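Enquirer: Spelled out from the first residue to the last, the chains are:
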Amino acid sequence: AQSVTQLGSHVSVSEGALVLLRCNYSSSVPPYLFWYVQYPNQGLQLLLKYTTGATLVKGINGFEAEFKKSETSFHLTKPSAHMSDAAEYFCAVSDNNDYKLSFGAGTTVTVRA
Amino acid sequence: DTAVSQTPKYLVTQMGNDKSIKCEQNLGHDTMYWYKQDSKKFLKIMFSYNNKELIINETVPNRFSPKSPDKAHLNLHINSLELGDSAVYFCASSQDARVQNIQYFGAGTRLSVL
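So the sequences go chain by chain: A and B. Throughout the first sequence, residue numbering follows the working numbering, covering 1 to 113 in sequence. Throughout the second sequence, residue numbering follows the working numbering, covering 1001 to 1114 in sequence.
Keep in mind the hints are simulated off the structure, nothing from the lab. Treat the hints loosely; a few may be bogus.
[What the hints assert, rightly or not] Straight line, CA to CA, 30 Å or less: simulated DSBU-like cross-link-like pairs of lysine-lysine:
| id | chain 1 | residue 1 | chain 2 | residue 2 |
| --- | --- | --- | --- | --- |
| 1 | B | Lys1052 | A | Lys100 |
| 2 | B | Lys1009 | B | Lys1019 |
| 3 | B | Lys1041 | A | Lys100 |
| 4 | B | Lys1022 | A | Lys69 |
| 5 | A | Lys58 | B | Lys1044 |
| 6 | A | Lys100 | A | Lys49 |
[Said to hold, decoys possible] Looking from chain A toward chain B, a few residues come up when the C-beta cut is under 10 Å (computed):
| id | residue |
| --- | --- |
| 7 | Thr52 |
| 8 | Ala92 |
| 9 | Gly104 |
This structure is a prediction, so every number in the text was calculated from the model and none was measured. Note that CB positions come from ideal geometry on N, CA and C, so glycine has one too.
With the hints as extra help, turn the sequences into a complete structure.
Expert: Structure (C-alpha cells):
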C-alpha cells in the first residue's frame, strides 16, 4: 500500500519569501501524486497533480512541484509567498493498485507580514 | 453554484443519537467519497461509491452506513454516536473511479458529539 510523509507539520515564512513544503511517498508501482490546499473552514482544492510525463508540474496560484523518482519525493514550492497562501497543505498519493487516495498529515503554512 | 454541497455545515448532538449528513454534487461525476478529518487534520477515506455501487469500504464501524440513492447523492448515516466520532466529515466527487482523477471536495460537516 502507498503512503505519504510530509516533513514539517508547520512552516512559517515571510511575505515574499520562498515557500517549500516537503513530501515523500512510498509506492510499489508508478505513483500518481497530488497537492491539495485547504483554506480555513473550507474543503480541499487541487493545487496540482503529477500522473505521467513532465516531472515539473505547475499548478494554480504560482505553485509548482517536481516529481523525483530517485528520491521518492514531490516537494511543493512557490517563489514568493503571499498572505493569501496561509492554509493547510496536503500531499496525497495513489496508484493503479488501489482505488483510494492516501493523504499525508498536512503542513500548516503561516505567512508573516 | 456550489459543485459539491453538504448539509448540515455544523452538527452538535448527544452521545447515542443517530444523525445523517447529506451530500450532493452537480458536476455529473460518477464517483463520490466520504472522508473523515480528525482533530489533528489527518484525512482518511471512509467510503466510495461509483455509479451507486460501493467500491471502497475502509475499516469503519458498522454504525456508519452510506447510502447512494443516485449517482449525484451520497449520504452518511451514523447510529449510536460516540465521542470519538467528533470530526469534520468531507464529501468529495470525481469524474470516475480512476485514481488519477481530481477529487472535488465539499466544505465539510463539523460534527461535535457531547
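Enquirer: Now tell me, hint by hint, if it's right for this structure.
Expert: Results for each hint:
1. Lys1052/B / Lys100/A: holds, 17 Å
2. Lys1009/B / Lys1019/B: Satisfied, since the Cα-Cα distance of roughly 13 Å is no more than 30 Å.
3. Lys1041/B / Lys100/A: holds, 18 Å
4. Lys1022/B / Lys69/A: Not satisfied, since the Cα-Cα distance of roughly 40 Å exceeds 30 Å.
5. Lys58/A / Lys1044/B: holds, 26 Å
6. Lys100/A / Lys49/A: Holds: Lys100/A and Lys49/A sit about 15 Å apart, inside 30 Å.
7. Thr52: holds, 9 Å
8. Ala92: Where the cut-off is 10 Å and the nearest Cβ of chain B is about 8 Å from Ala92/A, the hint holds.
9. Gly104: This interface hint holds because 9 Å falls under the 10 Å limit.
Violation of the numbered hints given earlier is confined to hint 4; every other hint is satisfied by the structure.
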